[in-house]
Amino acid sequence: MTQTPDQVFVILKHWLLGYVPTSVHAIASAVLSILPLMVVFPLLFAITTLLERKGLGRIQNRLGPNRTGPMGLWQPLADGIKSLTKEDIVPFTADHIVHFLAPVLLVVAAFLAYAVLPVGRNMALVNLNAGVLFFFAVGSVVELAVFMAGWSSRSKYSMLGAMRAIAQMISYEVPLVLASVVVIMQAGSLSTVDIVERQATYTGIFPHWYVFTPWGFLGFILFMIAATAESNRSPFDLPEGESEIIAGYYIEYSGFKFALFFLGEYLGMFATSGIAITLFLGGWSAPLSVLTFIPSWAWFFLKLLTLICMFIWVRGTLPRLRMDQLMNFAWEFILPMALFNMVIAGLWRFMNPGAVRWFVCAFLILVPMFVLSALLKRKKKLQLRTYSFAE
Amino acid sequence: MSRDRGSRLLGEGIIKGLAETARNFFGSYISKQRLTTVQYPEERIPQDESFRNFPFLVYDGSDPEAGLRCVSCQICEKECPPKCIFIEKSKDKKPDAVGKPQFYPTVFDIDVSVCMSCQICVEVCPFEAIKMDVKYDYPTESRFAALLFDKHQLAKSNDYYHQIHPTEASAVDAALAAEREAAATKAAAAAAKAAAAKPAATAGAPGTATASAATSTVTPPSDTTAGEPR
Amino acid sequence: MSISFLIIAVLIVGSTAAAMGLRNPIHCVLTLSITFGGIAALFLQLGAEFVGLTQIMVYVGAVAILAVFAIMMTQSRRGLMLGTFSRNALVGLLTAVAVFSVLGWAVLSQPVAGVTAAVSPVSVQQIGSSLMHEYVLPLELIGLLLTAALIGAIVIAMERKEDTE
Amino acid sequence: MTTAWAPITEPNATETPSLGQPAPRPAVPVTSDSALAEQYLEISMGPQHPSTHGVFRMNVVLDGERVIQLKPVFGYLHRNHEKIAETESYLGNMPYTDRLDYICSITNNWAYALAVEKLGGIEVPERAEYIRVITGELTRLQNHACLLGFLLQDMGASGTPLMYAFREREKVLDLFESLTGARMMCNYLRFGGCRVDLPAGWLDRAKAFLAEFPRFLDEFERLLVDNEILMERTQNVGVLSRELAVSSAISGPMARASGLNYDIRKADAYSIYSRFSFRVPLGHHGDVYDRYMIRFLEMHESVKILEQAMRDIPAGPIQNPAVKARLFRPKPGEAYGRIESPKGELGFYLISDGSGIPYRYRVRPPSLINLTVLEDLCLGRNVADVIAILGSVDIVMGEVDR
Chain A
0 MTQTPDQVFV ILKHWLLGYV PTSVHAIASA VLSILPLMVV FPLLFAITTL LERKGLGRIQ
60 NRLGPNRTGP MGLWQPLADG IKSLTKEDIV PFTADHIVHF LAPVLLVVAA FLAYAVLPVG
120 RNMALVNLNA GVLFFFAVGS VVELAVFMAG WSSRSKYSML GAMRAIAQMI SYEVPLVLAS
180 VVVIMQAGSL STVDIVERQA TYTGIFPHWY VFTPWGFLGF ILFMIAATAE SNRSPFDLPE
240 GESEIIAGYY IEYSGFKFAL FFLGEYLGMF ATSGIAITLF LGGWSAPLSV LTFIPSWAWF
300 FLKLLTLICM FIWVRGTLPR LRMDQLMNFA WEFILPMALF NMVIAGLWRF MNPGAVRWFV
360 CAFLILVPMF VLSALLKRKK KLQLRTYSFA E
Chain B
0 MSRDRGSRLL GEGIIKGLAE TARNFFGSYI SKQRLTTVQY PEERIPQDES FRNFPFLVYD
60 GSDPEAGLRC VSCQICEKEC PPKCIFIEKS KDKKPDAVGK PQFYPTVFDI DVSVCMSCQI
120 CVEVCPFEAI KMDVKYDYPT ESRFAALLFD KHQLAKSNDY YHQIHPTEAS AVDAALAAER
180 EAAATKAAAA AAKAAAAKPA ATAGAPGTAT ASAATSTVTP PSDTTAGEPR
Chain C
0 MSISFLIIAV LIVGSTAAAM GLRNPIHCVL TLSITFGGIA ALFLQLGAEF VGLTQIMVYV
60 GAVAILAVFA IMMTQSRRGL MLGTFSRNAL VGLLTAVAVF SVLGWAVLSQ PVAGVTAAVS
120 PVSVQQIGSS LMHEYVLPLE LIGLLLTAAL IGAIVIAMER KEDTE
Chain D
0 MTTAWAPITE PNATETPSLG QPAPRPAVPV TSDSALAEQY LEISMGPQHP STHGVFRMNV
60 VLDGERVIQL KPVFGYLHRN HEKIAETESY LGNMPYTDRL DYICSITNNW AYALAVEKLG
120 GIEVPERAEY IRVITGELTR LQNHACLLGF LLQDMGASGT PLMYAFRERE KVLDLFESLT
180 GARMMCNYLR FGGCRVDLPA GWLDRAKAFL AEFPRFLDEF ERLLVDNEIL MERTQNVGVL
240 SRELAVSSAI SGPMARASGL NYDIRKADAY SIYSRFSFRV PLGHHGDVYD RYMIRFLEMH
300 ESVKILEQAM RDIPAGPIQN PAVKARLFRP KPGEAYGRIE SPKGELGFYL ISDGSGIPYR
360 YRVRPPSLIN LTVLEDLCLG RNVADVIAIL GSVDIVMGEV DR
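Chains as they are written, first to last, in numbering that gives the first Met the number 0: chain A, 0 to 390; chain B, 0 to 229; chain C, 0 to 164; chain D, 0 to 401.
In case anyone wonders, no lab produced these hints; they're calculated from the structure. Computed from a predicted structure; not experimentally measured. Watch out, some of these pointers could steer you wrong.
Result set (PhoX-like, lysine-lysine): computed pairs, CA atoms no more than 25 Å apart in a straight line [claimed, not checked]:
id	chain 1	residue 1	chain 2	residue 2
1	D	Lys117	D	Lys265
2	B	Lys77	D	Lys82
3	D	Lys330	B	Lys77
4	D	Lys82	D	Lys330
5	B	Lys93	B	Lys150
6	B	Lys99	B	Lys88
7	D	Lys70	A	Lys155
8	B	Lys31	D	Lys206
9	D	Lys323	B	Lys77
10	B	Lys82	B	Lys99
11	B	Lys185	B	Lys99
12	B	Lys82	A	Lys53
13	B	Lys15	A	Lys53
14	B	Lys82	D	Lys323
15	B	Lys150	B	Lys92
Among the chain B residues that face chain A by a calculated CB cut under 7 Å, a handful are [said to hold, decoys possible]:
id	residue
16	Gly16
17	Leu17
18	Thr20
19	Phe24
20	Ser27
21	Thr36
The C-beta atom is built at its ideal place from N, Cα and C for all residues, glycine as well.
Just need the whole structure built from these sequences, with the hints factored in.
What follows is the structure, given as structure tokens:
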């Protein structure tokens, strides 16, 4: 009985496929798998924009949008209509073809990443042998799209934004991959489906999520920091840098193309959050074995929404970093820690299971973290200052 | 990102900040203090009594033409910093609210697109004839003509004045009453004194000292005689 | 020869021709990255997932971006227009002929050319274990070399930073 | 640097030129055809830019993202304020001063009133002085709160600190509204006193606000003061040396952040400031973080002044009855009245020829003069720093352009 709601979409798909002639079975199957993703995630994007504006509003003692529809629920729809009906302005000197292709490529690349994301039990689009690799490979195409947008606009601000974006993405791709390597080491597989399945087992009622191990926890934190930077979210939103370079690489876009950039960016954020869930938070598995009666896809989206809320919360709090600080942070802190984490993960594999292993690894992670922090602190000379007062 | 003191943990300031925003987020559902939005067209903050926007002309009684307090002395026109008041003085005299013959403005225009709501016209008016209105929404379709208010648009009754600025209006009324009484007694005394009538005595504005003593909210029009071109 | 192979082949040849023929160097790089993508698609079609995805990651994600950056940094902002034919066309032609003949010789001298036997897809696991067993020494050597390069790059970057700050 | 083609010297961010010497400027030819123009990027930040605090424009020449030349361009909001003032009566100028630094209109009124009072030798009643101190310090509170919000907004804190600051500012503006009738363009002070007395219950409301205000300061402190990102963004950025601050006539919180003990409330002890005990916070580094913190600490001190003033305020007249507001004709002479406005030394210089309008009227705007060192602070930093530095200078274009 509990299987039915869990597999409802899989069953539905097979039921629908029964009505399709076998000659086009393969294509129909693909369409039936892709279409829901193409609908659900843009819908999630719409919900997230509203959630973000409402959440930020509440953080800032405001109400947020509440005029369109009940509680402002139609706001995303209104935004969509607005951006669709706006004039599409292309700068006179812009490289028209590249200018047009950039948002398209961005959205396509962002959508491709969902192919390997298991959004529920038996609900990954394809079970690629090298699924994690596929994800990062597709992510690197986004850089090209960003460059195309920045360069083709022939605007100095968009050029600055593109340079910032690419430098940032390249720098953070390395720690992103390195932080996820520990999981691949432990799972012994690059397939996202396998990785989740390995975490979906339980000791007593507790699951074997990788985030509950010392290296997994550190890996998760590092991954999330890098993911924030990859998806250009605050405090790493320098490529957009509203107050500095106005909107960065998409400054010269308007109307629907602008909306596409927005969509692409949010889709990228969902995808990286999704992969973080897959790698560290047990994908679609329930957090307690007694909760497995709730469908797996519900767990996945619940976890996704939680991570999105974290993103919004961080955005509502922190100021932006500067370019060089961002780079230093990547190369001087995240990268060494990620490399060290790999050593710990290797150690973990060869030690006997038990509390001793846990504490040794945790200790070995905390020590370099503090040492590194202290070294960086010495270098930067930052302090809480005291001030003198004249009477 | 690094620490400022050895004892501090990594990102402690960031965690503190996050805690603060979380407090505000949840606080906005509980406390009115943390949800300051006023949803304007439906909800309105009660207007403060001293609020001011654009000037209007006060008239006594019910007839805006006859009861207009303005005697067209043109002081406000001269003192207005952005020069947004335009007055044309009448050739003849008409009896005012108390029956005394006075000049009156044939044209009294205020260009509210120029007016900067500084209240100086109110301060310099010796006759309590111009006051500040509280209406602030004047949506129009033209930038110029519709924002040039003429005498009829500007004239508003003393009751309206009482309604929008009760404290100030009562003080002004008291001052005016005292002034008129003083003028009446003076006139009566003058009439009783001798048959040699000196109508010029009424031309000066007596009793201004009484007016300023009566209230501190109204700036004393201490130099009425000097200001009048008569 | 399947239809998809034909499509990919046409795409590769077309975009490569465009990369050579277009006058704006940025356009050349962009079309070149289409070529890279096409080659990756070829690999994927042959069941070599790992190589195909690495092709995208390295060539599109890194090489093309690097090329684009290099061009952007060095050329005028108004856009440098290249001539379709280089002044050193002859040298280029000779190089091309040399490369082509070497490749052609390599292909023809192998018996693979005519064989179309079905090869079972190589899994990532197989690649990993062969790298770790058969080819462990070359792998380590390459790793050492790359680490040295990485450290060198960081050292160079750090030195420059001290100059300016 | 005699020729335009001298070798380009690398501007050193930490070194500031010594007294009396012009700051070294790299000669950058920005003609579009030169080979150098391809290396550098000249961008125009402003007049429409999200963080130029109005219609301010900076022509910035960038090497990558590093600023090698910065030319401030202003005048987009020029309203001929000083010339208009020479055609208006002394009273008629009062509302115009509101529009100089439109965030703190009452301190503008105060500086102008002080100048006219000096010119006319006018005494101000006790109660009016207290009211001036109370409103002036409230103005300082809201200006500083606002500025901290703006600064953090410029550094990308997506509006949260700004909204908190505005929440408090609204409370001050409500107080101003019920006192003066307007929220921003108060036009409240007069020569020899104030326009109206405090309405009934106003003082209690102000006291209630004041009791609440430290809570906001604590909240703000928890939110961002020891935030690592903020420290990294602001510490050792835009360092203004003491010497440069003196030689460029920098005043206000900006000078005090560079360690200059110069507060006109103490130096001149104008009005009745000598009666209150308060301290002047001084910074040691002169960077953006110090400028930020000095304003933060000044708010604490202002709260102290306000507490004392609200406790001690006497009853009495609020206006010197000897002064005619209209047809005010001071004797021929000149006067300079200055106050410590929230942004720095705000001065009005007036010459009277005995007529009803000033013969000469001149404003010393702190915003403009503090802005003159912008290039020195920004050279060698990058674009993100420029925004933070500009934000920390605290300018209002109404006052810069006049």
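Evaluated hints:
no.: 1; hint: D:Lys117 with D:Lys265; result: 19 Å, holds
no.: 2; hint: B:Lys77 with D:Lys82; result: 18 Å, holds
no.: 3; hint: D:Lys330 with B:Lys77; result: 22 Å, holds
no.: 4; hint: D:Lys82 with D:Lys330; result: 21 Å, holds
no.: 5; hint: B:Lys93 with B:Lys150; result: 16 Å, holds
no.: 6; hint: B:Lys99 with B:Lys88; result: 17 Å, holds
no.: 7; hint: D:Lys70 with A:Lys155; result: 17 Å, holds
no.: 8; hint: B:Lys31 with D:Lys206; result: 20 Å, holds
no.: 9; hint: D:Lys323 with B:Lys77; result: 16 Å, holds
no.: 10; hint: B:Lys82 with B:Lys99; result: 30 Å, violated
no.: 11; hint: B:Lys185 with B:Lys99; result: 14 Å, holds
no.: 12; hint: B:Lys82 with A:Lys53; result: 46 Å, violated
no.: 13; hint: B:Lys15 with A:Lys53; result: 22 Å, holds
no.: 14; hint: B:Lys82 with D:Lys323; result: 21 Å, holds
no.: 15; hint: B:Lys150 with B:Lys92; result: 17 Å, holds
no.: 16; hint: Gly16; result: 5 Å, holds
no.: 17; hint: Leu17; result: 5 Å, holds
no.: 18; hint: Thr20; result: 5 Å, holds
no.: 19; hint: Phe24; result: 5 Å, holds
no.: 20; hint: Ser27; result: 5 Å, holds
no.: 21; hint: Thr36; result: 5 Å, holds
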